[in-house]
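Protein chains in written order, with our numbering: chain G, 1 to 799; chain Z, 1001 to 1056.
Accuracy of the hints is not assured; some may be wrong.
What the hints assert, rightly or not - Just some of the chain Z residues that point at chain G, by a computed CB distance under 8 Å: (1) 1017; (2) 1019; (3) 1042.
As the list claims (entries may be wrong) - Among the chain Z residues that face chain G by a calculated CB cut under 8 Å, a handful are: (4) 1004; (5) 1008; (6) 1010; (7) 1018; (8) 1026; (9) 1027; (10) 1032; (11) 1033; (12) 1035; (13) 1036; (14) 1039; (15) 1043.
These are calculated hints, taken from the structure and not from any lab test.
Don't be surprised by glycine CBs; every beta carbon is placed ideally from N, CA and C.
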Amino acid sequence: MTAVAATQLAACAHCGLPVPAGRDTYCCSGCEIVAGAIAANGLEQFYALRERPEPASTTGRAYTELDDAAFQRVHVDLVEGGMAHAALYLEDLRCAACLWLVESASRCVPGTIEVRVDLGRSRADVTWDPRLTQLSRIARFLDGVGHAPHPYRGLDRDRQRRREDRALLIKIGVAGAAMGNLMLLAIALYAGVFGGMTRADATFFRWASMFVAVPGLGYAATPMFRTAIGALRAHRLHLDLPLSIGIVAGLGWGALNVLRGAGEIYFDSLAMLVFLLLVARWVVLRHQRRASTAAELLLALTPSRARRMDGKVVVEVSIEAIVPGDRLQVLVGEVIPVDGMVVAGSSALDVGLLTGESRPSEVTVGDAVAAGTVNLAAPVEVVATAVGETTRVGKLVANIEALSARKAPIERLVDQVAGTFVKVVTLAALVTFLAWSAIVSVATGAENAMALLIVTCPCALALATPLAVTVALGRAARRGVLIKGADALERLATPGTMFVDKTGTLTAGKLGVVSWRGDLDAAALAVAVESGSAHPIARALRTYATSPHTATQIEEELGRGIAGTVAGIRVVVGAPPWVRARASAHPIIEGWIAELAERGETPIVIAVDGRAVAVAGLADPVRPDARQALDRLVGFGWRVELLSGDDARVARCVGATLGIGAERCHGGADPEAKVAHVAAAKRLGPVVMVGDGVNDAAAMAAATAGIAVSGAAEIAIETADVYLRSPSIGDIAATVCGATATLETIRRNLRLSLIYNLTAGALAISGVIHPLIAALVMPLSSLTVLASSLRSRAFREDS
Amino acid sequence: MIALYIVLPLAILIAGTAVAAFIWTVRSGQLDDVDSPPLRVLFDDSPPRATDDAAP
C-alpha cells in the first residue's frame, strides 16, 4: 500500500503529497513558488477554503507579450473611465478556493479594478487601470498563485453557447410558470368534480387552462419537436419522438375537448412533463460544456513569439511573422516555436510532448528539432523549415480533430428502447381505437386512443438516463473524475482492451534516481558538481540528495557529463564512456552499469579522485498505486496493454513491474503507431486509451473512449472522454466500475418507467383512465426513477 | 363566484409579468454563470494582511 511510503515521508505543505528525499516542506518547486506567492500576499485563507489539496504548477514567465501593442489591439478593449478589459483563460481553475485566490488579485495588485472568474469556462475577466498597472503584472500574479493565464481564444464560441443556454433557460422558465399555474387550475377542476362546480365555472377554468397551456407548452417544448423532426428526417428513432407525439396529442386533444366542451384535458401532467424534461436537459448540458476546443490549442502548444536573428541582432517578433528559412534563437526553458534544424549550439530537448519519450534527447548542429519541444540545457540557434500548421505538432492536432469528428455516436440504450416504444404504443393506440369503435362508438374509441397516447408519454423513460448520469457525473466530479457525458459512461461500461501510456500515466513522468549502487556519500559530491546545471539528470540528482558543499572549476560537456572540484577532490559525473575516459572503473562498477542498463535505466557513473565509486540508475519511477489499479481492471475483464513512446526495453521493464507480459508491452510507439495499435484492437472490441500527452491524443480520439490523467496536456484533456484530476491512476478502475454501475442504474430506471407505462397504458386501453390518475401517477413514476438514481452505487465514496 | 372571472385573468397576467421579468434576467446575462456567484457569497470581505499594514 502507498500509506506505508507516505508515512515515512513528510507531506508537502501545499498539496499534501509525499515530499521526495532531498527536498523539504514542499514536494516540488511549483508548490514552493505558489505557496510563497500566497504567503507574500497574505492569502493563506486559501488553505481553509479549498476542497481538496492539489499540487500547483507555475511557469514563472514574464508575460511581456501581453503588453505588446499588437496583442492589445486584438484582445484588449477599453471600457468606461479609461479602464482596460481583457478576457484570460486560466489553467487549473477548479473550486471555490481557486476562485477566491484569483479574484483577490484586485486587492493584491495595485491598479487592478476587478477580476471576475467564470468557473465553468475557466475564464477570468480582468479590468485594470492602464495608467497604474500593466496586464503582464496581473498575469504574473495569476501565474504566481498557480493559475497560468493565456489569452482567451473562445470568445465567439462563448457567445454562441451563451445564446443556446439563454434560450433553454427561458423555455424552462416558461414551462415552470405554465406548470405552476396549470396545477392551480387543475386542483380547482379536480375539486370541482367532487365538490360540485357549475358547468359555466368549469368551462371557464378549462378555457383558462388552454390559454396557458397551448402557447406556453407549445413554445417550451420546441427543442423536443425539433429533435423529433430531425430524427424522422434522418430515419432514426429518438426518444424525443414518442415525447413529441404525446405532447402534441395531449395539447391538440385537450384543446379540441375544451372547444367542444366535453372530454378530458391533460394539461397539468403535460406541463410537468415538459418542465422536468427541460430541467434534465439543462443539467446534462451543463456537465458537457468544456472550456476549450482542440483547434484553439495548437496555438497554446507553441509559443506566440519567437526570437528572430536578423544578422547579429535578435528581434522578438510574433510567430506569424516567421517564414521557413528564418534563423531563430531559443533560450533555455523556452518552447521551440518551429520545426527546424540546429545551426549553432547543442542542448538537450524535452520531446515528451511529441513522442512520450521520458528521457531528454540530445541535439547538436545539424539535428532536426520539432515545434512544441522544450529546450532544457543551453541556448541554440535554429533555422526554421516548417511553421504553424505545417509543423509536426500542427499536423498532429489536425489529425486529432479529424479523428474526433469521425468518432461514431454510440447507439444509446434509451434510443433503442424508444424505437420499440414508438412502435408498440402506436400499434396499441390503433388497436384501442378500432376495438372501442367497433364495440361502443367512434368517439369513445378516439377518446381512449388519445388517452393512451398521452398517459404513455414516456416522461420517466426520458428522465431515466439523464438522472442516473447526472448523479454519477456529480459524484465522480467530487472524487476528481471528470466525465464528459452519458456517451462516455456507456462507452466505458463494456470491457475490452485498455491501452495505457507509460510516461505520466503509470509513471511519474519525471526523471528520477530509482537505484543507487556503491558509495552513498558520493551522492552529495555529485549534487555539488551538478548544482548549477539545468540538465534533467542534474535535476534528478538534486531531488535525490542534498549537498552542503560547493564545487569549483566546473566543466560541463553537454549530453556527456560534468566535472568539478569539491573540497579539493576532483568529482566526475556522467555517462559511462565519458567517465571511463577520465577515471578508472573497477569490474564491479562495470557490472552495475550493465545491470542498470539491462533494466532499462540510464546509468550515470560518479567518479571521485580518479576512481569510479558509484552508479546511479535514472528512470521514470512507477507510480505506487499503478499495480493495484491494473489488477483491479483485469478483475473487471479488461485486457491491459502498455503503449509507450519510450524505448521498447524500458516499456517491457515497466510492464514487468506491473505484471503486464512482454507481448503486451509496445515500446517505441510514435503517435501514428499508437493510432494503428488502437485501430487494430478496435476490430476485436471496445478500446480505451489512457494517456496524458499530446502524443496520446490522436490515439484517444481513435479509441472507443479516452481517459486523460492528471497533469495531461490540454489537448489530451480535450480529446478524452474522462479526465482524472487526481494523480492516482487508481481512479481509472473506479471510473470503469462507476460506469458499469451507472449503466445498471439506467437499465433499472428504464424497467421502472416501462412498468409505469404498461400500467397506465392498460388503464387507458380498458377505458378507465382519468386525468387525475395520470396527474398522480406521472410524478410518482418520475420520483421512483429519481430515488432509484440516487440509490445507485456508482461512484459512491466507499466504492 | 363572479369574482373569479376578474381574479383569474388577473392572476394569469401577474404570472405573465413574472415570466417576463425572468426572461429579462436571462437576457441581461444574470444567469449566464451559475457556478461562481454561489461560491462568491461564502468569502469574507476582510482585506488580506498585506494591506492591513496601511490601516490604522
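Given residue 1033 of chain Z was flagged as interface, is its beta-carbon under 8 Å from a beta-carbon of chain G?
-> With a closest approach of 5 Å, the residue 1033 of chain Z hint holds.
Residue hint residue 1035 of chain Z, partner chain G, criterion CB-CB below 8 Å | holds, 4 Å
Using Cβ atoms only, decide whether residue 1008 of chain Z comes closer than 8 Å to chain G, and label the hint accordingly.
-> holds, 6 Å
Are residue 1019 of chain Z and chain G close enough, Cβ to Cβ, to be under 8 Å, as the hint says?
-> This hint holds: residue 1019 of chain Z lies near chain G, its Cβ roughly 5 Å from the closest one there, short of 8 Å.
Per-residue hint verdict: residue 1043 of chain Z, partner chain G, C-beta under 8 Å | With a minimum Cβ separation of about 5 Å from chain G (threshold 8 Å), the hint on residue 1043 of chain Z holds.
Going by Cβ atoms only, is residue 1039 of chain Z closer than 8 Å to chain G?
-> holds, 4 Å
Would you settle whether the hint for residue 1042 of chain Z is holds or violated, based on the nearest Cβ-Cβ distance to chain G being less than 8 Å?
-> holds, 6 Å
Using 8 Å as the Cβ threshold, decide whether residue 1027 of chain Z counts as touching chain G.
-> holds, 7 Å
Would you check whether residue 1026 of chain Z satisfies its interface hint, that is, whether its CB is within less than 8 Å of any CB in chain G?
-> holds, 5 Å
Should the hint that residue 1004 of chain Z touches chain G count as held when the rule is a Cβ pair under 8 Å?
-> Hint on residue 1004 of chain Z: holds, closest Cβ of chain G at ~7 Å, below 8 Å.
Hint status (Cβ of residue 1018 of chain Z to nearest Cβ of chain G, threshold 8 Å) = holds, 6 Å
Taking the closest Cβ pair, is residue 1017 of chain Z under 8 Å from chain G?
-> Given a least distance of 10 Å, the restraint on residue 1017 of chain Z is violated.
Hint compliance for this structure: hints 1 and 6 are broken, all remaining hints hold.
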